[in-house]
Structures are given as structure tokens and as C-alpha cells.
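Construct the complete structure from the given sequences, taking the supplied hints into account.
2 protein chains.
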Amino acid sequence: MRIVLLGTGNLATRLGMALLAKNVEIIQLFGRSRSSAALLANLLECPFTSSKKEIIAEADLYILAVSDDAIPDVLTDLPIREQLIVHTAGSVSMNILATVSKNYGVFYPLQTLSKQKEVDFSSVPICIEANSAENLAKLRALAAIISDQVVQVDSMQRKQLHLAAVFVSNFVNHFYSIGEKLLLEKQLDFDLLKPLIMETANKAMHHSPRTVQTGPAIRNNKTIMDHHLKMLEQHPEWQKLYELISRDISRPDQE
Amino acid sequence: MRIVLLGTGNLATRLGMALLAKNVEIIQLFGRSRSSAALLANLLECPFTSSKKEIIAEADLYILAVSDDAIPDVLTDLPIREQLIVHTAGSVSMNILATVSKNYGVFYPLQTLSKQKEVDFSSVPICIEANSAENLAKLRALAAIISDQVVQVDSMQRKQLHLAAVFVSNFVNHFYSIGEKLLLEKQLDFDLLKPLIMETANKAMHHSPRTVQTGPAIRNNKTIMDHHLKMLEQHPEWQKLYELISRDISRPDQE
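In the order they appear, the protein sequences are chains A and B. Following our numbering, the numbering of the first sequence begins with 1 at its first residue and continues without gaps. Following our numbering, the numbering of the second sequence begins with 1001 at its first residue and continues without gaps.
Just so you know, the hints here were simulated from the structure itself, not pulled from any lab data. Each statement offered as a hint is correct.
Straight line, CA to CA, 27 angstroms or less: simulated DSSO-like cross-link-like pairs of lysine-lysine:
1) LYS240/A x LYS1181/B
2) LYS52/A x LYS102/A
3) LYS1117/B x LYS194/A
Small disclaimer: the values here were computed from a predicted structure and weren't measured.
Structure representation (C-alpha cells):
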């Protein structure tokens, strides 16, 4: 399968490297910024272009790994017609690709990807969707080369996965950041929280999270909660969050 | 060091077992409920009582491992005077113990402890505090037997640690639970989120969380955020949380 990869961000980088590691042939990289494209192409050991006209028109698969906002722009005047094209976005409908090709789908790796940190793609669930059984089979075959967990989901399910991912990853990471800041204020090292962070994540691997909920809110310990709210007086946003989340944890219909 | 352990909950259980594993002698367990005390005493291979009058008065250390609410009740009529007593609570001042003994302190393991799940105590930070250098040294020696990370903090710092722990553990776990529920609604398996949960936690081990923040809020992608808010219409509490946290993530003074 000869692939053209479009994009130079975190996802394009990590996905490109995962493909390279499995000897899947990336025949060209396209990036709107010439310097970014050159940089990543060097890493992926493949030719690159920053001109749409120069995009190879006979690849087996075009992987659009750009941010959601950039998808319409990159799709405009893309010199392909019948080849299979996929996007990699959690919250974008598959049908956005119907305007550029007869064969299209989605290839969505459910993971938080940074340029700074390597990721073991074999454990990253890849959510696939396609406009035909034949295209789905092609995507499944490719996904199975780089990941042990390939799952077919429809666009609605994928959007729900993305929404859930915002809670369990983006929002969780923000709370790690709040924790770090609270510690800094009292000259405490963020390292102190790390075993707790890992244990909390590990617990979720083996238990339904609701069944292992701990802390003042689930015990409805108003003394501590009031005390914490008072301690957060300098941080009205966090105070509001503390109040809302504690109330949500102790809602009886949560059971 | 001959220890009397007071309490039969998650913390008493996990701490007792960590002490037992290191051959620290628990000479007696006290629990207000006779059946709970009997059960845990059996596990800890030690005598037990549910009568305060029968508490051994000559131990070297009394560890009060009960919930914050229960501390005043358990302290009343405790038959000790000069022996070292510690509590294990994140948000309770050390001085609450001054009424029962001349020698007191705090022994606070910073971890989320469940009866269901074993924990490797050697990686649990133990935060100690005491009313004298001598008592502090005793606590440090005991803590070092079961943990590799012993740190002296004052009551104010300990309360801040507890507050931060609520964010990075209790609230985080609640978000895992929201993720699980969102997936269930669309017939999706919670397992799909697990690699993401672990990767997000792992990232925090090696990077300051703010520097690896990803997602729609940090990119200020209003299209996706509006879409997510619409998807949460059936969950007004989560919708409100989504809005507040996204705004907090994108606040410029976060930098």
C-alpha cells in the first residue's frame, strides 16, 4: 500500500513514524509549510512537497492528518479523484470527504499524541469507518499492521469517543496541572502527586471507576469540602469547579 | 516499636498490611465495630478490641486511621497520656491531638486506598509532622520502613497536598467515570479509553502537565467545543463542567 501523508503536526509525525517502523511505504509527504514538511520528510525518509499540484495522484491511500480546522482548506483542489482518502479527526464527519473522492473513510487513532513523547502505537485503538465494505477492509488491514486494537465505529460513535476522550485526557491533564500549581504555591514538589496519579489511572484499568471513587465528595464530608472551598478563595474558577464536581460526584442518580 | 492501630477502614487495612509485611509489631487493633475489628485483626494477625477501656496503654505508638469525622469521637476517653499518637488525615490539624497526649504527630500516606486493590506502599509518599524533633525522628524511622519517600510537611502544606490530591485523583476518577458513561450510551466499551488514560498519566510523570496539554480547548477550536456542548445537552452538569474547564484551559494567564 503506497501512501501519501498530508500534514506535519503531532498526529502526522507519530502516525508516519509508526508506519515507517512497520515498513509501510510513504511515497510522499505534503505540508502547507515547506520547512515543516522538509523536517518531517527527513524523519520519515520520504519525498515531500508543499505544492498541491505536485501531490502524486496515483497513491493507494491518502491520509489527511491535519487539524480539524485545516481539513477544508487542504481538501480544496486536491488532485485526486477515485483514490481512497481518509481523515484522522475525532469530531469530523466522514462525509466531508465525499466531495473529493468516490472512496473515503476515517482512520482515527484514539490517543493523545505529542511531538515530545514517543508512543507505542500497537496499544493505540484505531477507529475505522469507510463508505464501502471494500474500503473498510483496506483500512482494517492497514490499521492491523500498526495496532493490536482496531475497531469499526460510525461517525456518531467516533464523536462520542472524542468527547469522552476530552474528559478522560484533556480535562484530566488540566487537573494534573492545577495540582502542580497548588503544590508550587506551598513550595511542594509535583513529584509527591505522581504515585497518586499513576495509582488512580491503574485502578481504572481493573475497576469501573464509579465503584472505586474515593474522597470527601463521595463520603459527603461537608467539613472538608467547605475547608477546601475556603482554601481556593484565590482561585474562583477552581473553587467553582470544585463545587460543581463535588456535587456531581454526590448526586444520588449517579449510582 | 509496638503499635496500637485504631481504625478498620481502607487506610487502616492497607497501612496495617504494609506494617505486617515489614514485621512491624501491631500489638492491638481497635475498632468501634466489633465485627469489623475482628475481621481486620484476623488479617493482621493481632489481638483486637472494640472497647476503649481495653486499649493497651503502654504501646510506643498509637496510629489513628479513622475517617476525619470520626477522629473526635475516637479520641474521647482514649486511655493514653504521654505516648506518641498520630493521625493519618490529610485535612485535619495536628493540634487536635494535643488534648490527648504530650507527644503527637501526623502520619499521612498520600495515596488513594481501597480495600479492593493492593497497593505497593514503598512508592507511597508518607508525609510526617510532629510536635518535637524526637517524635519526628521516630515517625521518620517508621515511615522509612514501609516507604521510599518520606517527607516532612507542616499542617498547611499537608492540607494543600490533600486539596491537590482531590483534583488529581478524586476528580480525575470522576472524569473516568463520566467517560465510561458517555461510551455506554453509544454501546462502546470503556476499554477503548484505557490506553488514553494510561498515556495521559504517563505523560505527567515526565512533563509538566501544562506543557503537554492537548485538545480542542488549548487549540481554542470553537467549532468542536460548540459541537461537544451540544452533544452534552442531556447532561446539563457535564455541559457546565465542559464549558468551565475549557475556559480555564484557554485562559491566557495560565501560561
